[in-house]
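Undergrad: Residues per chain, in single letters:
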Amino acid sequence: MPTPLSRLLPLLLPVGLLACNPWENLPDQDWYWMDGPLWDPSSAVAATDGVYIALPHAGALARVKDDGTFDVVDLDGAEVVRMVATPDASQVIVWDRWRVCEDPEAEKVEDCDEEELSWSYELSVVQDGAVQVVTEIPPHLNRLAFSPDGGTAVAYLDFESADDVPVDGVVDLTQVAFVDLGSGAVQSLSVGFSANNVLFSLDGSRAVVLSRSQVVVVDLATFEKTVTYPLTLDADQQVDPNGAALTPDGRYALITIEGSKDLYKLDLDVEAIDIISLEGAPATLSVNNDQDKSLLVYGSLAQVDVLEHEYFGIQSVELDEPCTAVLETATTALLYNDQARTHDVYELDFATLEPVEYVMANPVQSMELTASGRYAVAVLAPEYGSSGNDLDDYQDNRYGLGVIDLQEDDDVSLVLEAQPVGAAVVEDESGSFALLLLEGLDSLLKVDLSNPSVPAVVELVEAPTGIGALPDGRFYITHDAALGLVSFLDPATDTLTSTAGFGAVDLQGDDELPRLAGEE
Amino acid sequence: MLTGLFPMSLFTLALLAAPATAADHELSLELGGFGTMDERFDMFRQSPMVGTLGLRGAVALHDNVAIVLGVHHGAWGSSVEVDGEGSEYDDDEYYYYYSYEDEGDADFQAAYRGNQVLVGPKVDVRIVDAFRPYATVQAALFTGTVRLDDDPDHDDNENQLKATALQPGGVAALGFDLVPLRPRQPLRFGTHLELGYGLTAATGFQAKPPGGGEKVEIARFGFGGFYMRWGVGAYF
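Residue numbers (the working numbering), protein chains in the order written: chain A, 1 to 520; chain B, 1 to 236.
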């Protein structure tokens, strides 16, 4: 007897209902923790061919482009440790590392005994989304200083910024490495303990390497030490340089010592050292190449010293409050204090040496000058502790934006809704602007510095986490999006383009050892 | 008491001694389970097995042989929290460190919605008409879609990644059909249970990035392990 089909229809009903389940209602029955992050917005390095971003979870490097696309740089299985752009932004230097197992049979990390597992390190020069040159330097050298032509870099250890100091057998803490970025050739030199500051002469012929208690001059043609200057005659005495600069003619190196009132003047041509006595321990030494003068400011002295480079005479200018930081244009300097709760900012004209005082509403956290030098933009930090109810307290307890018109000698301190997560200045034919990102706000404030009280609002696709400049004058904005999101902003037109999804690359990659033993 | 048991025993014997008939066609509603030994599937469901719902149909080819076709569906998803990892920014150079400051908020949602198609022969041993143990080997083809979304509350966020893949595989199982009622009726209702082992290939799920460009792999996993089907349906 045939079976009536209608009697079977009830069986199809539940499956039919399942098929109607809208995809928009994502199933969510569980909670899962993942090692991360998928991408690190703060790792972003802008180059001419895109923004390079580390993907820590995948151990990869992505190049994010402004056309909405991205690609992954093949590091042969290595993961990014840190990276930095070359001065002309044409290349990105990547410190990378990969797991190595002594057991040749092991193909995965989990197959390898812990005692047989180690890291190998290398330095990769990346351009156009691909590795151009690979070389090896001692892994503890975590910083690079670039020669003026960008062809040579000096790798050194900056212990203060080091997460750890990888030890591969032995570590020579007196070592620096000169790297030819074109060929990858490396020349290591022992230059003194804790060498953490490298200066280059303008013609790129020599490098001055500062280390504890001594300064070494290196000929960049031969990579040989030509002169060693001891900074103390007593071997038991240790002095640590904390600031250094070359005079514009490259003849003299000026060196300040941490906690010392002495300014060392090293004559690099005739091997002589002079010590110039100062009234205090300088916080910052800054050389102005246009004026051929140096400025010294002090955290404990309310004065700025102007040092001319012919006879090295000092002219002191009294200030109302101490300053610790200097910004300069060709004709003026802007002095401020980013280490204390003082409010003063001074404009110092090199011609008159008459300081013009500006008083910000709150202490300066950071400051930036526009390219023309007409405007200065300061992020102002809150002064917690004020408990009154007056308007001063209202302002004190909030972040602010200070705008100084150095041409009109005018300033204004604005109150910000939230803590800035990024700030930048831009100047073009249409005017001078500060671009401001505030925590938790899905918009960018574009402050016209000629009329700062009425900012324009540029809506963003997601809440921002940071902003950085691109070599072509545009900006990139990183966003709070787990799977990766970067916007590119053209400040001339306020147009935004976005690139997303790069954080999901190789989300479930396997645990294979990228380079088997013997294949490194 | 014996008088009560006697008629029951007679009925049971009569049922078990029922003469064999030709194999049945079948249409059943099934609940299933499939092993997820691949740890990578934990991103969607942290369980050794995931449950499915579907239909099984069988076409009798011979007294003891039928071809079965099963179609199952399942959807699993998780709120994924990426371990909070802070970072420190220093000029144009960076390094990062672990801070675990942001625990507590899901960073994105991961979902997998899949269909399982299994087809293969089922060979039974008819001990009695009502209880038929069987063995089956079936080829499997899983098709599924992985979706990642870092802002599932909004439909217009950039990161709505979707990738589809096919996963071939197979199952081998032992089971039984129990069709106890009205043995001589053209349409009977019964149940079945089968247990075994299943395995599919681990394949990559390639998604097209929101802004275009080449596809990138956002997930890679396979299924494998314990296999189970239980169903109720019509035998005719």
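Think of the hints as simulated: they come from the structure by calculation, not from any bench. Only a predicted model underlies this, so the values are computations on that prediction, with no experimental measurement involved. Glycine is no exception: its CB is placed at the ideal position from the N, C-alpha and C atoms. Please note that a few of the clues may not be correct.
[To be verified] Under 10 Å between C-beta atoms, here's a sample of chain A residues computed to sit facing chain B:
hint	residue
1	Trp33
2	Ser498
3	Thr499
[Claimed, not checked] Below, a list of computed lysine to aspartate or glutamate pairs in the DMTMM-like style, where the Cα atoms sit at most 25 Å apart:
hint	chain 1	residue 1	chain 2	residue 2
4	A	Lys293	A	Asp236
5	B	Lys208	A	Asp405
6	B	Lys208	A	Glu79
7	A	Lys446	A	Asp405
8	B	Lys215	A	Glu321
9	A	Lys261	A	Asp292
10	B	Lys215	A	Asp480
11	B	Lys162	A	Glu321
12	B	Lys215	A	Asp35
13	A	Lys108	B	Asp83
14	B	Lys162	A	Asp506
15	B	Lys215	A	Asp74
16	A	Lys225	A	Asp236
17	B	Lys162	A	Asp480
18	B	Lys208	A	Glu321
19	A	Lys293	A	Glu321
20	B	Lys215	A	Asp510
21	B	Lys162	A	Asp71
22	B	Lys208	A	Asp28
23	A	Lys108	B	Asp63
Undergrad: Compare the structure with each hint and give your call.
TA: Going through the hints against the structure:
The criterion of a C-beta within 10 Å of any C-beta in chain B is met by tryptophan 33 of chain A, whose closest approach is roughly 5 Å, and the hint holds. Given the 10 Å rule on beta carbons, the hint for serine 498 of chain A holds: about 6 Å separates it from the nearest Cβ of chain B. A hinted interface residue such as threonine 499 of chain A counts as satisfied when its beta carbon comes closer than 10 Å to some beta carbon of chain B; here the least separation is about 5 Å, so the hint holds. At most 25 Å may separate the alpha-carbon atoms for a hinted pair to count; lysine 293 of chain A and aspartate 236 of chain A exceed this at roughly 34 Å.
A hinted pair counts as satisfied when its Cα atoms are at most 25 Å apart, and lysine 208 of chain B with aspartate 405 of chain A does not qualify at roughly 49 Å. A hinted pair counts as satisfied when its Cα atoms are at most 25 Å apart, and lysine 208 of chain B with glutamate 79 of chain A qualifies at roughly 24 Å. Proposed proximity of lysine 446 of chain A and aspartate 405 of chain A is supported: the alpha carbons are some 17 Å apart, at most 25 Å. Taking the CA atoms of lysine 215 of chain B and glutamate 321 of chain A, the gap is near 59 Å; set against the 25 Å cutoff, the hint is violated.
Note on lysine 261 of chain A and aspartate 292 of chain A: the hinted pairing holds, with a Cα-Cα distance of about 22 Å set against a maximum of 25 Å. For a cut-off of 25 Å, the pair hint linking lysine 215 of chain B to aspartate 480 of chain A stands: about 23 Å separates their Cα positions. The straight-line distance between the Cα atoms of lysine 162 of chain B and glutamate 321 of chain A is roughly 59 Å, outside the 25 Å bound, and the hint therefore fails. For a cut-off of 25 Å, the pair hint linking lysine 215 of chain B to aspartate 35 of chain A stands: about 23 Å separates their Cα positions.
With a C-alpha separation of about 23 Å, the suggested pairing of lysine 108 of chain A with aspartate 83 of chain B holds against the 25 Å cut-off. For the given pair, lysine 162 of chain B sits about 14 Å from aspartate 506 of chain A by alpha-carbon distance, which is consistent with the 25 Å threshold. The hinted pair formed by lysine 215 of chain B and aspartate 74 of chain A meets the criterion: a straight-line CA distance of about 16 Å does not exceed 25 Å. At roughly 24 Å between alpha-carbon atoms, lysine 225 of chain A and aspartate 236 of chain A fall within 25 Å of each other, so this suggested pair holds.
Proposed proximity of lysine 162 of chain B and aspartate 480 of chain A is supported: the alpha carbons are some 20 Å apart, at most 25 Å. Of the pairs offered as hints, the one joining lysine 208 of chain B and glutamate 321 of chain A is violated, with about 58 Å between alpha carbons and a cut-off of 25 Å exceeded. Note on lysine 293 of chain A and glutamate 321 of chain A: the hinted pairing holds, with a Cα-Cα distance of about 22 Å set against a maximum of 25 Å. The straight-line distance between the Cα atoms of lysine 215 of chain B and aspartate 510 of chain A is roughly 18 Å, inside the 25 Å bound, and the hint therefore holds.
Of the supplied pair hints, the one linking lysine 162 of chain B and aspartate 71 of chain A holds, its CA atoms being roughly 18 Å apart against a limit of 25 Å. A threshold of 25 Å between alpha carbons decides the hint, and for lysine 208 of chain B with aspartate 28 of chain A the separation of about 23 Å falls inside it, so the pair holds. At roughly 51 Å between alpha-carbon atoms, lysine 108 of chain A and aspartate 63 of chain B are farther apart than 25 Å, so this suggested pair is violated.
Checked against the numbered hints above, the structure violates hints 4, 5, 8, 11, 18, 23; every other hint is satisfied.
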